[in-house]
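We have chain A; now place chain B onto it with these hints.
Protein chains in written order, with my numbering: chain A, 313 to 724; chain B, 22 to 496.
These are computed hints drawn from the structure, not numbers from a lab.
Just so you know, even glycine gets a beta-carbon here, dropped at the ideal spot from N, CA and C.
Just to be clear, a hint being listed does not mean it is correct.
[Stated by the list, open to error] Short, incomplete list of chain A residues facing chain B, as computed with Cβ under 8 Å:
# : residue
1 : 432
2 : 480
3 : 488
4 : 499
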Amino acid sequence: MIMSLHAPSRRELLLASGTLFAWAYLPKIARAEGRDPRFLVIVLRGALDGLAAVAPVSDPDWIALRGDKAITLEGKTPALPLDSFFALNAAMPNLSRMYKAGAATIVHATATPYRERSHFDGQDVLESGLGRPGAIDTGWLNRALAALQPDGRARGGREAFAVGPIAPLVVRGPAPVLSWTPRRLPATSEDTLSRLLDLYRHTDPVLSRALEERIGLVTIARAGGMDEQQPRAPGANQVRAYFADSAGTAAKFLARSDGPRVGALAFDGWDTHADEGVIAGRLANLLGALDGALAAIETSMQEAWRETVVAVVTEFGRTARINGTDGTDHGTATVTFLVGGALNGGRVVADWPGLKPNRLHEGRDLKPTTDLRAVLKGVLRDHLRVDESTLASKVFPDSAAVKPMPGLLRQA
Amino acid sequence: MALDPKAEAALALHRFGFGPRPGAIAGLAGDPRGALIAELDRAGAGRLDSPDLLSSAIAARTALQFQQAQRAARRAERARREANAGNPPGDMKAEEQTPPPAARPPGPAVPQQIYLDEAKARIHAALGAEIGFAERLVWFWSNHFCVSADKGGVRPICGAYEREAIRRNVLGRFGDMLLAAESHPAMLIYLDNARSIGPDSFAGLRQKRGLNENLAREILELHTLGVRSVYTQEDVTNFANVITGWTVIGFRQDPMRAGEFVFNPNMHQPAAQTVVGKHYPDKGMEQGRAVLAALARHPATARHVCTKLARHFVADEPAPALVERLTKRFLDTQGDLKEMAKTLVTSPEAWMAPSAKLKRPGEWIIGSFRAVGVTPPEIGPVMQAHNLLGEPIWRPSAPKGFPDESAPWLDGLAQRLDIANQLARRVGEQVNVREVFEETLGPLASADTRQAIARAESRQQALALLFMAPEFQRR
Chain A
313 MIMSLHAPSR RELLLASGTL FAWAYLPKIA RAEGRDPRFL VIVLRGALDG
363 LAAVAPVSDP DWIALRGDKA ITLEGKTPAL PLDSFFALNA AMPNLSRMYK
413 AGAATIVHAT ATPYRERSHF DGQDVLESGL GRPGAIDTGW LNRALAALQP
463 DGRARGGREA FAVGPIAPLV VRGPAPVLSW TPRRLPATSE DTLSRLLDLY
513 RHTDPVLSRA LEERIGLVTI ARAGGMDEQQ PRAPGANQVR AYFADSAGTA
563 AKFLARSDGP RVGALAFDGW DTHADEGVIA GRLANLLGAL DGALAAIETS
613 MQEAWRETVV AVVTEFGRTA RINGTDGTDH GTATVTFLVG GALNGGRVVA
663 DWPGLKPNRL HEGRDLKPTT DLRAVLKGVL RDHLRVDEST LASKVFPDSA
713 AVKPMPGLLR QA
Chain B
22 MALDPKAEAA LALHRFGFGP RPGAIAGLAG DPRGALIAEL DRAGAGRLDS
72 PDLLSSAIAA RTALQFQQAQ RAARRAERAR REANAGNPPG DMKAEEQTPP
122 PAARPPGPAV PQQIYLDEAK ARIHAALGAE IGFAERLVWF WSNHFCVSAD
172 KGGVRPICGA YEREAIRRNV LGRFGDMLLA AESHPAMLIY LDNARSIGPD
222 SFAGLRQKRG LNENLAREIL ELHTLGVRSV YTQEDVTNFA NVITGWTVIG
272 FRQDPMRAGE FVFNPNMHQP AAQTVVGKHY PDKGMEQGRA VLAALARHPA
322 TARHVCTKLA RHFVADEPAP ALVERLTKRF LDTQGDLKEM AKTLVTSPEA
372 WMAPSAKLKR PGEWIIGSFR AVGVTPPEIG PVMQAHNLLG EPIWRPSAPK
422 GFPDESAPWL DGLAQRLDIA NQLARRVGEQ VNVREVFEET LGPLASADTR
472 QAIARAESRQ QALALLFMAP EFQRR
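So here's chain A without its partners, still in its complex pose (with noise of 0.2 Å):
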């Protein structure tokens, strides 16, 4: 896909799917520091697998948790090495490229504070900022926004591009909110048909039927008369095109001198409970789909790109080890990126727990050493000047007790 670097028109706008801030919100104080920082949020939905996405190589255990689904430094399609310890699944050359730059941090073994396993529950913990699940409105970055002074460019009238129904959770709120919806959706994913038809084999024949010959579904005759049906080869390349244009187009609208400095984008597929394809197949598409955006924000960002963090978060992680069809199943740690080049970066932030079975959460998951939400404090104090006060009281309620985590930006 060739990118041009121009100030995105109002097509273009309306081609991705996502949401900026309007101008009225710009962070003041940063501002005054002659700074202009950007801040964009990539909410992953369905639950990354975080050990799949960066592996710990080095751990004793690693292999004989994920047997043949474990990613390493050896084989066909080798890791790529960040530290003496962790790897980065092969799908992913631009994050490894930006993380031997300096404009990479990955933050492992992370999680909200939420511990059950409900994707649309975890789902609002993640952006609401919460402690728990509930009937919520308003999420940590619209308030975070809210919370700043607002800029001298301030203009009234500029909230009547507060448009558009579909902005996620974590930008709904106070602070008005520029969100476009594009004129072209993503295609119905693989993951949803699969589940579909699942639902149908099980309650509908008819139903079922109709549906795998309409979508031209091949069917492999195995000898003995057995036939498996395979799905057809997923829309991979659909779907690293719209990655790359809705972050790409985020991007540029955040590169203007005149646009808005904080955005959200939410990709969705991540739920991978069969057939993970961890190496090649669905993970390893999705991976290098979120790479391509990453690249394409870079390259949008232009100039702006040392003044921006990226990070991308998802509601939690997955079970340490594979289940019973070749995938993995709601966990609770996982993995955080934090790109751009304001970061303090090339290093993997861990406080690593382990992977023997009595280190593990409730003997299955990953188990969190790191509050997600520090992270996040971390970049919205160091990076926007959000006081810590308001990160305790308005941004992240009732945790006075998450301490920021320091040194996550360049120093200007």
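Same frame as chain A, now just chain B:
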């Protein structure tokens, strides 16, 4: 199968209405049959009156005037080009003398705009209905007496046709609806009767043109007695002669009354006719009225339309006892359509049939928006969804209308998934999926469906699965 009150309320909404809106199941749970009947008893039930919508005659004339202006503009443009042909390019003098005509304002042409306004009003009526039983009856009868916007001249008046011929009679008598439909300009144009001329009429003797059997045949085959029933080819021909002269006033004839129905005695076959065993002396237009009145009372008509009604609402192969009861009621009440609708929803068979019918595309699209309590801001994507799923509004491919059986609609299932996915992506962030699930499917959903939705990886995915769940597709 005995249903608990909530399941019965949910079934009432899905089977006889446009699907639950938030709170509807609880509202109906005491007495779903009573609620369905109460909707029919409400003043103005089935009507759609808006000062913004044009009558058929005015719509037709507005469209005709637009087309006249277009033709005039094209003629002027041709003349201008010819006048300028001899002058070298850039000859300012010539350009000034005959400037190009003002371009038509952007946007849809007038007939299309009228069609879109009507479709929007229809969609909003379905979205806003409490249950939607009366609207569903309108859709059913409108499809029974269908016209097509794709036939020249029908596009600007197909919406008015539905309001004037179908809605006005949807809870009245079948015979009145039959007469209103067959004498409406939209039907007369759609099935060519406007041009049909009695061979021995004044016009027939002067012109080479003559009889067109199209409308007469479809009235017998589709609208009343039913195919392969009690009529013969001779009946078709005789009936076609009866209704010669039922036509529409043309623009050249009378620009002030163009587009209105007229009985033109100069086109009418001046002869007595026998239709399905009855003799009709020639009394001008009265002859046709009398044939339609007899057809409306005929037992074959009763059986035909009652079978179709039961098939549409209840099952592809409806229980014979249900069809019997409806037919008897039809004959006992001289085709009282409100009584038929009441009989339908008070018949045990109408509730006992398993939910095996696939919702028609329009029902399903409207039901999806209702489930999440969202009114689409623009009509375009809703129309587009109808088109993609094979049920373009007021554009059936044949006079038989869109099929009432499930099988033909199975083909569009993959497209339904795409539309479900798009809608879920647009509204999924804004809704509480658990609530939407309980409010629309809760009492009807299988454990598998419940689990699939609960385990979805995102609200959007959960919502797409909800729209595609067998219990939401079928009724």
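* So, residue 480(A) near chain B? Judge it on the closest CB pair being under 8 Å. => It holds, given that the least Cβ distance between residue 480(A) and chain B is near 6 Å, below 8 Å.
* Asked: Measuring from the C-beta of residue 432(A) to each C-beta in chain B, is the shortest one below 8 Å?
  -> With a closest approach of 6 Å, the residue 432(A) hint holds.
* To do: May I ask you to test the interface hint for residue 488(A) with respect to chain B, counting a Cβ-Cβ separation under 8 Å as satisfied?
  => violated (17 Å)
* **Per-residue hint verdict: residue 499(A), partner chain B, C-beta under 8 Å** => Because about 7 Å separates residue 499(A) from the closest Cβ in chain B, which is inside the 8 Å limit, the hint holds.
When each numbered hint is compared with the structure, a violation occurs for hint 3 only.
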